[in-house]
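Engineer: Residues per chain, in single letters:
2 protein chains.
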Amino acid sequence: MLEELPTLAHVLRMLQQVPYLASKNLYKVASHFLHMSPQQMEQFCAALEATKEKLSQCTSCFFWQEVSAKCIFCASPKREHDIICVVEVWQDILAIEKTKGYNGMYHVLGGSISPLDGINADDLTIEPLLTRVRSGAIKEIILATNQTPEGEATATYIARKLKDTSVTISCLARGLPVGSFLEGMDRLTVFKALSERRPF
Amino acid sequence: MLEELPTLAHVLRMLQQVPYLASKNLYKVASHFLHMSPQQMEQFCAALEATKEKLSQCTSCFFWQEVSAKCIFCASPKREHDIICVVEVWQDILAIEKTKGYNGMYHVLGGSISPLDGINADDLTIEPLLTRVRSGAIKEIILATNQTPEGEATATYIARKLKDTSVTISCLARGLPVGSFLEGMDRLTVFKALSERRPF
Chain A
0 MLEELPTLAH VLRMLQQVPY LASKNLYKVA SHFLHMSPQQ MEQFCAALEA TKEKLSQCTS
60 CFFWQEVSAK CIFCASPKRE HDIICVVEVW QDILAIEKTK GYNGMYHVLG GSISPLDGIN
120 ADDLTIEPLL TRVRSGAIKE IILATNQTPE GEATATYIAR KLKDTSVTIS CLARGLPVGS
180 FLEGMDRLTV FKALSERRPF
Chain B
0 MLEELPTLAH VLRMLQQVPY LASKNLYKVA SHFLHMSPQQ MEQFCAALEA TKEKLSQCTS
60 CFFWQEVSAK CIFCASPKRE HDIICVVEVW QDILAIEKTK GYNGMYHVLG GSISPLDGIN
120 ADDLTIEPLL TRVRSGAIKE IILATNQTPE GEATATYIAR KLKDTSVTIS CLARGLPVGS
180 FLEGMDRLTV FKALSERRPF
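Heads up: the sequence lines are chains A and B, in that order. Going by numbering that gives the first Met the number 0, the residue at position 108 of the first sequence is 107; the numbering climbs one at a time, nothing skipped. Going by numbering that gives the first Met the number 0, the residue at position 192 of the second sequence is 191; the numbering climbs one at a time, nothing skipped.
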C-alpha cells in the first residue's frame with residue numbers, strides 16, 4: 000500500500016535509519032514531522048544542516064567545536080592542561096561537566112574496542128591520545144570508559160600502551176551508586192565495592 | 000557549557016521537541032546526525048521537506064495523499080465505497096491494511112476526545128464524517144478507535160450522533176489476542192472475552 004505513496008514511504012525509510020526510531024515509535028515520530036508547519040520543518044532542517052557547516056571536531060581532543068571558535072576545553076586558559084580525562088563518546092563529557100567536579104582536558108575516543116562489532120583500536124582516536132601524552136606535558140590520565148567489557152578492554156589497552164611513560168593512570172571509582180540500597184544491588188557491584196573499600 | 004556551543008545546543012533543542020527523543024536517547028540520536036556525511040544530511044532533510052510539498056490530507060477521509068495523485072482509498076474503483084472504518088490516526092490504517100482483511104473506505108479522526116488534553120469533538124474530523132455518512136451512500140460504519148477510555152468515549156460520541164440515521168454501526172471485536180494465554184491476561188480482557196462470547 001505504501002508503494003502508492005512514495006513520498007511517505009521515502010520519509011519513513013529515512014527515519015528508520017535513525018537509532019531508537021526504527022520500532023513502533025517510527026510512525027508517531029513520522030506523524031510529528033508530517034503535522035509540522037512548513038516553517039517549523041524549515042527551522043528543524045536548518046538546525047540539522049547547520050551542524051555540518053558550523054561544527055567540527057577539535058583535532059586534539061575530538062570534542063565538538065564551533066568552526067568559528069576554538070575548542071572550549073583545549074583553548075581554555077582556566078582549565079588544567081596537564082590532566083586528560085579519556086571518554087568513549089562526546090556525550091560522556093556532558094555528563095562529567097554537569098558534576099562541575101573536573102577542570103582538566105578531555106579526549107574522545109569515538110567508541111570502545113569491540114572486535115565483534117568490527118571496531119578495533121585503529122578505528123578509535125587512541126594513536127592521537129598516545130601522541131598527546133608522549134608530548135610530555137601530561138601528568139595524569141583518567142580512563143573514564145564505560146563499565147562494560149568493551150569499555151574496560153579499551154581502558155586496559157590504553158593503560159598497557161602507556162606503561163613505559165611516567166604519566167599517572169587512574170580510572171573512575173567503582174562501587175555503590177549514591178542513594179542505592181545494598182539489597183537491590185547486583186553481586187558484581189557489591190563485590191567491587193567490598194574489594195575496593197576505602198578508609199572511612 | 001553548551002552555551003559556548005550554540006550550534007550544538009540549538010540542534011539538541013530542536014531534537015528535544017521530537018516525541019520519544021527527549022530522554023537519554025537524545026544524545027545518541029544527536030550523535031547519529033552529527034556523524035552523518037553532508038550528503039546523507041541533505042538527503043534526510045530533502046525527504047522531510049518533500050513531505051510538505053508533496054503530501055496533503057485527503058479532504059474526504061483525511062489520510063495522506065500525494066498532491067499529484069488522488070486518494071488511494073477514496074478514488075479507488077476496486078474498494079467498497081459504502082462502508083467506512085473510522086480510526087484515530089493515520090497509522091491505524093497501516094495496521095488494518097496489513098491484515099488484508101478490509102476493502103472499504105477509511106476516516107481519520109485525527110485523535111480522540113480527551114478534555115483533559117484540551118481535545119474536544121470540534122478538534123477532530125467528526126463533523127466531516129457525519130456529513131459523509133448523511134450523504135446517504137454509506138451502509139456501515141466501523142468504529143475502530145483504540146480500546147482506551149478516550150477512544151471508547153469518541154466511539155460513543157459518534158454513535159450517539161448517528162443514532163437517527165439508518166447506517167449500521169459496528170465496532171472491533173474485543174477479547175483474547177491470538178496466541179495469548181488466559182493466565183497472563185488482564186482481568187478486564189478476560190471479562191470482555193467472557194461477556195462477549197460467541198457460538199463455537
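These are computed hints drawn from the structure, not numbers from a lab. It is possible that part of the hints are untrue.
[To be verified] Each computed SDA-like pair below joins lysine to any residue, with the alpha-carbon atoms no more than 25 Å apart:
| hint | chain 1 | residue 1 | chain 2 | residue 2 |
| --- | --- | --- | --- | --- |
| 1 | A | K23 | B | E65 |
| 2 | A | K97 | B | K97 |
| 3 | B | K77 | A | A45 |
| 4 | A | K51 | B | Q15 |
| 5 | A | K23 | B | K77 |
| 6 | B | K23 | B | E3 |
| 7 | A | K23 | B | E3 |
| 8 | B | K51 | A | A94 |
| 9 | B | K23 | A | Y19 |
| 10 | B | K77 | A | E48 |
| 11 | B | K27 | A | E87 |
| 12 | B | K23 | A | L4 |
| 13 | B | K97 | A | A45 |
| 14 | A | K23 | B | P5 |
| 15 | A | K23 | B | M0 |
| 16 | B | K69 | A | L4 |
| 17 | A | K27 | B | M0 |
| 18 | B | K53 | A | E151 |
| 19 | A | K77 | B | H31 |
| 20 | A | K51 | B | S30 |
| 21 | B | K97 | A | S55 |
| 22 | B | K69 | A | S55 |
| 23 | A | K27 | B | A192 |
| 24 | A | K97 | B | K77 |
| 25 | B | K23 | A | M0 |
| 26 | B | K27 | A | M0 |
Engineer: Please go over all the hints and tell whether each is borne out by the structure.
Structural biologist: Hint check:
1. For the hint linking A:K23 to B:E65, the alpha-carbon distance of about 24 Å falls within 25 Å, and the restraint holds.
2. Our distance criterion of 25 Å between C-alpha atoms is broken by A:K97 and B:K97, whose separation comes to about 47 Å.
3. Distance hint between B:K77 and A:A45 is unfulfilled; the C-alpha atoms sit about 43 Å from each other, more than 25 Å.
4. About 19 Å separates the Cα atoms of A:K51 and B:Q15, which keeps this hinted pair within 25 Å; it holds.
5. The straight-line distance between the Cα atoms of A:K23 and B:K77 is roughly 30 Å, outside the 25 Å bound, and the hint therefore fails.
6. Restraint check for B:K23 and B:E3: the C-alpha separation of about 22 Å stays at or below 25 Å, so the hint holds.
7. Restraint check: the Cα-Cα separation between A:K23 and B:E3 comes to about 36 Å, which exceeds 25 Å; the hinted pair is violated.
8. For the hint pairing B:K51 with A:A94, the CA-to-CA distance comes to about 37 Å; that exceeds 25 Å, so the pair is violated.
9. For the hint linking B:K23 to A:Y19, the alpha-carbon distance of about 11 Å falls within 25 Å, and the restraint holds.
10. Note on B:K77 and A:E48: the hinted pairing is violated, with a Cα-Cα distance of about 44 Å set against a maximum of 25 Å.
11. Between B:K27 and A:E87 the alpha-carbon distance is near 13 Å, which keeps this suggested pair within the 25 Å criterion.
12. With a CA separation close to 33 Å, the supplied pair B:K23 and A:L4 exceeds the 25 Å bound.
13. Between the alpha carbons of B:K97 and A:A45 the distance comes to roughly 36 Å, so the proposed pair goes past 25 Å and is violated.
14. Distance restraint check for A:K23 and B:P5: the Cα-Cα separation of roughly 32 Å exceeds the 25 Å cut-off, and the hinted pair is therefore not satisfied.
15. A threshold of 25 Å between alpha carbons decides the hint, and for A:K23 with B:M0 the separation of about 34 Å lies outside it, so the pair is violated.
16. In summary, the hint linking B:K69 to A:L4 is supported, as the alpha carbons are separated by about 10 Å, within the 25 Å threshold.
17. The suggested pairing of A:K27 with B:M0 is violated, with an alpha-carbon distance near 32 Å, which exceeds 25 Å.
18. Between B:K53 and A:E151 the CA atoms are separated by roughly 50 Å; this puts the pair beyond 25 Å, and the hint is violated.
19. Between A:K77 and B:H31, the direct Cα distance comes to roughly 31 Å. Violation of the 25 Å bound is thereby established for this hinted pair.
20. With a CA separation close to 12 Å, the supplied pair A:K51 and B:S30 stays within the 25 Å bound.
21. A distance of roughly 44 Å separates the Cα atoms of B:K97 and A:S55; the hinted pair therefore is violated under the 25 Å criterion.
22. Our distance criterion of 25 Å between C-alpha atoms is broken by B:K69 and A:S55, whose separation comes to about 45 Å.
23. Of the supplied pair hints, the one linking A:K27 and B:A192 is violated, its CA atoms being roughly 30 Å apart against a limit of 25 Å.
24. Between A:K97 and B:K77, the direct Cα distance comes to roughly 60 Å. Violation of the 25 Å bound is thereby established for this hinted pair.
25. For the suggested pair B:K23 and A:M0, the alpha carbons sit about 34 Å apart, so the restraint of at most 25 Å is broken.
26. Only pairs whose Cα atoms come within 25 Å are accepted, and B:K27 paired with A:M0 is rejected, the gap being roughly 32 Å.
In summary, the structure is inconsistent with hints 2, 3, 5, 7, 8, 10, 12, 13, 14, 15, 17, 18, 19, 21, 22, 23, 24, 25, 26 from the numbered list given earlier, while agreeing with the others.
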